[in-house]
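J.: Residues per chain, in single letters:
There are 4 protein chains.
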Amino acid sequence: MRIGVLTGGGDCPGLNAVIRAVVRKGVGEYGHEFIGFRDGWRGPVENKTTPLGVAEVRGILPRGGTILRSSRTNPFKVDGGVDKVRATLADRGVDALIAIGGEDTLGVAKRLTDLGIPVVGVPKTIDNDLNATDYTFGFDTAVNIASEAIDRLHTTAESHHRCVVVEVMGRHAGWIALHSGLAGGANVILVPEQRFDVSQVVAYVESRFETDYSPIVVVAEGAQPTEGDMVTQNGELDAFGHVRLGGIGQWLSDQIEKQTGKESRAVVLGHVQRGGTPTAFDRVLATRFGLHAIDAVHEGDFGKMVALRGTDIVRVPLAEATSELKTVPAERLAEAEVFFG
Amino acid sequence: MRIGVLTGGGDCPGLNAVIRAVVRKGVGEYGHEFIGFRDGWRGPVENKTTPLGVAEVRGILPRGGTILRSSRTNPFKVDGGVDKVRATLADRGVDALIAIGGEDTLGVAKRLTDLGIPVVGVPKTIDNDLNATDYTFGFDTAVNIASEAIDRLHTTAESHHRCVVVEVMGRHAGWIALHSGLAGGANVILVPEQRFDVSQVVAYVESRFETDYSPIVVVAEGAQPTEGDMVTQNGELDAFGHVRLGGIGQWLSDQIEKQTGKESRAVVLGHVQRGGTPTAFDRVLATRFGLHAIDAVHEGDFGKMVALRGTDIVRVPLAEATSELKTVPAERLAEAEVFFG
Amino acid sequence: MRIGVLTGGGDCPGLNAVIRAVVRKGVGEYGHEFIGFRDGWRGPVENKTTPLGVAEVRGILPRGGTILRSSRTNPFKVDGGVDKVRATLADRGVDALIAIGGEDTLGVAKRLTDLGIPVVGVPKTIDNDLNATDYTFGFDTAVNIASEAIDRLHTTAESHHRCVVVEVMGRHAGWIALHSGLAGGANVILVPEQRFDVSQVVAYVESRFETDYSPIVVVAEGAQPTEGDMVTQNGELDAFGHVRLGGIGQWLSDQIEKQTGKESRAVVLGHVQRGGTPTAFDRVLATRFGLHAIDAVHEGDFGKMVALRGTDIVRVPLAEATSELKTVPAERLAEAEVFFG
Amino acid sequence: MRIGVLTGGGDCPGLNAVIRAVVRKGVGEYGHEFIGFRDGWRGPVENKTTPLGVAEVRGILPRGGTILRSSRTNPFKVDGGVDKVRATLADRGVDALIAIGGEDTLGVAKRLTDLGIPVVGVPKTIDNDLNATDYTFGFDTAVNIASEAIDRLHTTAESHHRCVVVEVMGRHAGWIALHSGLAGGANVILVPEQRFDVSQVVAYVESRFETDYSPIVVVAEGAQPTEGDMVTQNGELDAFGHVRLGGIGQWLSDQIEKQTGKESRAVVLGHVQRGGTPTAFDRVLATRFGLHAIDAVHEGDFGKMVALRGTDIVRVPLAEATSELKTVPAERLAEAEVFFG
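As you go down the protein sequences, you meet chains A, B, C and D in turn.
Just so you know, we're using the numbering used here here: the first sequence kicks off at 68 and counts up by one.
Just so you know, we're using the numbering used here here: the second sequence kicks off at 68 and counts up by one.
Just so you know, we're using the numbering used here here: the third sequence kicks off at 68 and counts up by one.
Just so you know, we're using the numbering used here here: the fourth sequence kicks off at 68 and counts up by one.
Just so you know, these hints were derived from the structure itself, not from any lab.
You can trust all of the hints, since none of them are fake.
It does not matter which identical chain is used: a pair holds within one copy or between any two.
When the alpha-carbon atoms are kept at most 30 Å apart in a straight line, the in silico BS3-like pairs for lysine-lysine are as follows:
no., residue 1, residue 2
1, Lys115, Lys325
2, Lys329, Lys144
3, Lys115, Lys144
4, Lys115, Lys329
5, Lys151, Lys329
6, Lys144, Lys393
7, Lys115, Lys151
8, Lys144, Lys325
Next comes chain A alone, as it looks inside the complex:
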């Protein structure tokens, strides 16, 4: 068989580990050939390829990013996109595809499979918000980077009797905020799943200031204040109720400073969370995903994606992955509240 591999969507530590595992097992155990498609779905659409053999995957396991590069191109939004994909596969003699990506990439994979193009998916999102798998690789790395930053910020907060608001990634799901906040000993954790009451946040911050320690507030980029605050802060929110200038972290830090009279600083961790070398957890998970994805291809079990359930790697229909967002359940957030304030 000749198998095409592509990586789509945002950068995520572990992508290279998947690619390496796919190729090492595919070549070494099954004798397949591989071809890399560049820049996500743009590769098959525009027939952009790159050689992909054992030599190309040497040494890439510990490296962040993706040697195949990425993009957000969607063949269903390109004129004649699907036909172009078909044409490329025919031209390159490609029998099957492995698509590594998040909701969008896997959504395309599903629709292509429905149209008879054989694809196996590998789930990827640092946000950990894909429903069909216990964890996605990249998430553990992001959480470690964020919690190391929070460790550092504690001492600077305390030395200056300051509040520090740390904005972490998570537009629709608060997993990074929840886990890094728990790991970092945050005094408040705010997630997109539950609107927050600024006065409650201020109360936590003030109660922390009564100790000899200083408050650390962890806020997901997608977290939002309650309706009441939105009215009060009217001009500062956009039509969809999102906080505009400088992000929610800066906005909240300003609110805290105003309402408590204490200094507060915002730190926005940003893209640092999604690059660089993966943690061991993510390397192992990504490697196992790759090994099982090539098994699925080898067995002709298309339209599936690999997923983690407990300590096992299983296969689930691609449809499952993209049906619903996995958000932080209320009880997980409640569990963390004992540490607030």
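Position chains B, C and D against the provided structure of chain A, taking the given hints into account.
T.: Frame of chain A, contents of chains B, C and D only:
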């Protein structure tokens, strides 16, 4: 309620996170009081205590070790040990115990519960070899430390055209070897679960030397050569077939040097793997274990220990934890073999 | 002797290492007593003290922040401030002070010495911009944090064919930008010492995009565009020519995006650079500064501060430290330019 | 000009950074060509080369090891070695060499220069024991790795009331032991420069055990006990007075256990200290060394090596580098003794 807390057995990153979570929730949500017992079961046996309140657990989340210290004391091996434990609990007005530890500590917990002393257990082992839980805290930290070391050793091996044998922890189970070997891109992984054939290891090493790269062999401290080798190496193995001088890592490195004619060096990571600040994964897991352990105590659900199943924390009978060792299954090792050589 | 110790100004990794070294040698070798003043110069002004003995400094060597806390209080700006300092020292029986801080803190130290209050200074600034010493502690930690972030951002930039602009600390001196930019393999480094030409930056960025790699621009927070750009971007600069909204990093990233048509993202590292555990370099330097500062006090050599010259710790007049900012010389920046583009 | 580059001796983080800087400036600013010699001096002796241009040095800055590989080959110990070097240089049209290495490599460089072969040297040793330069790259990385390990070992020592003996690199000079011991808060530091009295070490260890903390002993691999101990331990020392089995760390740990009756464990950090990604300090130093080395070649200033003096890079005769070992002066060790016990 007044609740006693103790930590037994080997050091493990995350112990302090458990203690903190227990106390924070126990005091903050349930209004319980706590008392720390020093040095594992020696504390209750010898009535050695230390204050344990919200003030004592401030700032300990990111710290390795245990503020309660540890020991391997077993009340069932001390003359009148169980009576001494009863006497201490009566003297201190302690209603229940939370025992954080591995197989031995939890085994004592089980037997004491059978004798009417109310205990809840929290599983702990960096080796990840407790049967009742998907993961134990400390394991992820150990694996990260080992795989960072392997990352470093790759470049030094290559610069010198040398083989490097890395000996990691794992006397009876090869989990650390398997995960750090996968994460570190090892060329051979040897575990206690399966005796290894030195000539096969040598073959992998030689095939790696044919590339421009150098071999890294990861070996668990408890791994052993096959019977055939034991006879050949007779004088170097003890009565139980364990390799003696300098450990299995040094022994294997010497064998490789002799049989390949290439330089080989052994690195024994040792206690570095079990100390210091926990990873985010271990902090979150340990914290959740602590929160659920105090819930169990509060509900009077004794004779249980907390455990991870998928992403949930559940309670299982203490007996389950100590019935059988969780070793690396053959298929997980087979999965890794595609990367050998 | 009874000696007071205080830490002033911004948080800086290594402060605790200085305090520990001062106390350990002062008590252990000279038999002095110590008293901690809280919150920088506010401590002596408001008679806020804290016990400071060998017990208090145990375990603080690896910790960021300062156990004495800090502030920007200046006794010369407080009504009767100097008299209050005198009164506190008399009240507490303090014979001499060790003041650990940056330009402002040491400036106060100098003026107080001139008024007969015996002070020895220890220089501190993560910006490394104090003239009298080769390096200050905290700088190496900040540079490592920034260059690790840059390492991570390379892979994410490349995966997305994006430019990333990394804003690092340095209001008046570009040392952190220069060193982290060199260490991180930045494609452009911009410092406050030399106004930059946006079109030149854009040219570097475009030439980098012609390779298969993506540009990383490191910009010190105090860097500024040339006059020409200021006029062009008129509305976006304040009266002093400082870029306003979102800082220089965001502004520059927007410019790059506009002028190249490629995606660009800004990452502002912020306070993460100044907190947390110090590197070994900073721990050793801070420890040696502390040891030599207590020697100076013991010998009655006041009005001096300790400084690094080559590998030696020397004493220099406090005046020297505060006379002139140590900025990045033109030849050091020129040295780096070979890597631009 | 066509310039050959080689790296000799032990692996050292920063080698690739030197190579990159040499090539980037040599090509970009001076228009020179480069050729890589493989495996240290074996390359010129055996005419083993590898292409070395801007493409080859992309992305190598953060990587440990050396893309040119290394060896301990000495042309003066190979039959007709120098003639072979001459022949290779003629064959390849090489006008000058840059030799990056330690005492041995630079010693060869000096002798070749004396014979009319134009060489510029770049000093390299993780041991920091080259006389002509304040610091060598690789040392800072080694010290950071060792002090992070010591940080971790503190908590495990304390949890178990154990002594831990950490053996670090340094056969002839104790710089790594001194700096990592200071940075890690060791309770005893033992270096090759000064024989140690075991009973004194035991006294320090016992006094530490009287606190609630546990002793950490840092010992350089080349440290040795005093004559008295040597006699006592007769059978365990070789003809040169070196401790034999298991190294000095294990030997000392055994002594401590015997003489104190407390548990003690040895950890030998080994090759982990010399591999992997360099710290920012080492990357900057190595980069600057490379930039100045190519300047020297360009100016025809042969027989020199680059060196760090304060914050400046200077050139010194190769003879200076190899004349005398830079050992830890007595006063630097005395400075550290205040922390012993």
